[in-house]
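Here is how the chains run, residue by residue.
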Amino acid sequence: MPANRIRCPECKATLQRTEPVPDGKKIRCPSCEAVFRPTAGPLDDDPPPARRESARNEEPRRRDRDRDRDDEDFDDEPRPRSRGKAKQKPKTNPALIIVPIVGALFLLVGGAIAAYVVWGDAKPAPTDVANANSGNGPVQAKGGFPGQVKGGGLVGQPKGAAGGEQVVGLAVGNMAPDIEGEDIDGTKFKLSDYRGKVVVLDFWGHW
Amino acid sequence: MYEHERSLVSRLEGKPFALIGVNSDDDREVLKEVLVEERLTWRSFWNGGSKRGPISQAWKVTSWPSIWIIDAKGVIRYRDARGPQMDKAVDALLAEIGPK
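So the protein sequences, as listed, match chains A and B.
To convert, note that position 79 of the first sequence is 79 in the numbering used here; the numbers rise steadily by one, no gaps.
Basically the numbering used here = 1-based index in the second sequence + 1000.
Take these hints with a grain of salt, some might be off.
Stated by the list, open to error - List time: in silico DSSO-like cross-link candidates among lysine-lysine, alpha-carbon distance up to 30 Å:
1) A:K25 with A:K12
2) A:K197 with B:K1015
3) B:K1032 with B:K1060
4) A:K25 with B:K1015
5) B:K1015 with A:K12
6) B:K1051 with B:K1032
7) B:K1051 with A:K197
8) B:K1060 with A:K190
9) B:K1073 with A:K190
10) A:K188 with B:K1032
11) B:K1032 with A:K25
12) B:K1032 with A:K190
13) B:K1060 with A:K188
14) A:K26 with B:K1015
15) A:K197 with B:K1032
16) A:K188 with B:K1073
17) A:K188 with B:K1015
18) B:K1051 with B:K1088
19) B:K1088 with B:K1015
20) B:K1088 with A:K197
21) B:K1088 with B:K1073
22) A:K190 with B:K1051
23) A:K26 with A:K12
24) A:K25 with B:K1073
These aren't lab readings, by the way, just hints derived from the structure by calculation.
Whenever a hint applies, use it, and build me the whole structure from the sequences.
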């Protein structure tokens, strides 16, 4: 049967071919340059090879070999370079690494921008809510300054008359809307009556 | 129940400070009695006898109590500071006014 493992009769090197040598064809040993007609059949003193389907990229066996070179083709044709080299492994596509990283960066930046737009420094609309019965009024106390704290935390920092207090609203930093009403005894008074004093406005009930 | 408010008011007597309530109880006469019994000496707005009265609506109050601390210029400076935090806030704002 056609042989694809051949021993050079001159230098005794074992030569492995990707395809069997057609019977009768002469070949040149790449080591000693001897020209010979390969004998048919497997070599007796060699253990049966572990057959693998794709011979192209597999690791060449290193038995009986004192040189590390390609041995695919012993014809007189010029040997193609880098065929069946053992080191060939699939190259990692750099795009597979860069694209997810860039995408993640875009998401982070975009998310930060969206969060700022939605929850960030929104100036409340300047409206007078002194006697408003309607529900729509200035922006509630979320915008502008960190004003919402549970459990009695100290919110906001004591500031001087910095920008923002001319806007009437319910947030820290806004001018408080005035209140015109009656006390429990029926006497009319206003919140603005207490301008010049520090006021704690306390919404409460005895229920 | 109103211990802290009472102590704050008495501590700051004579200072440019005012504790102003907005009351949302529904019975004005009962409330008058409460003011006496509990010795609530500070003024409160009557919110029309309902939690959905005009003042709590205008200030978008949805939970009780709700606190706004306003400086001498009328600027809101703190929100929902209670207990010792309220004391600190008020003292800080009084210090801005300076000694009187």
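Could you grab the alpha-carbon distance between K26 of chain A and K1015 of chain B and see if it respects the 30 Å cut-off? violated, 117 Å
For a C-alpha distance cap of 30 Å, please report whether K1032 of chain B and K25 of chain A respect it. Given that 30 Å is the threshold and the Cα spacing comes to 122 Å, the pair is violated.
Is the hinted pair K190 of chain A and K1051 of chain B satisfied, with a Cα-Cα distance of at most 30 Å? Distance ~20 Å between K190 of chain A and K1051 of chain B Cα, so the pair holds.
Holds or violated: K1051 of chain B with K1088 of chain B, Cα cutoff 30 Å? The given pair, whose Cα atoms are some 29 Å apart, holds under the 30 Å limit.
Hint check: K1032 of chain B vs K190 of chain A, CA-CA at most 30 Å. Holds or violated? It holds: about 20 Å lies between the C-alpha atoms, which stays within 30 Å.
What's the verdict on K188 of chain A and K1073 of chain B, does the C-alpha distance respect the 30 Å limit or exceed it? holds, 22 Å
Taking only the CA atoms, is the gap from K1015 of chain B to K12 of chain A under or equal to 30 Å? Violated. K1015 of chain B to K12 of chain A sits at ~113 Å, over the 30 Å cutoff.
Is the Cα-Cα distance between K1088 of chain B and K197 of chain A 30 Å or less? This hinted pair holds, its Cα atoms lying about 16 Å apart.
Within a Cα-Cα threshold of 30 Å, do K25 of chain A and K1073 of chain B meet the stated pairing? violated, 109 Å
Is the Cα-Cα distance between K197 of chain A and K1032 of chain B 30 Å or less? holds, 26 Å
Regarding the pair K1032 of chain B and K1060 of chain B, is the alpha-carbon distance no greater than 30 Å? Distance ~25 Å between K1032 of chain B and K1060 of chain B Cα, so the pair holds.
Pair hint outcome, K1088 of chain B versus K1073 of chain B [Cα-Cα no greater than 30 Å]: holds, 18 Å
Of the numbered hints given earlier, the model fails hints 4, 5, 11, 14 and 24; all others are met.
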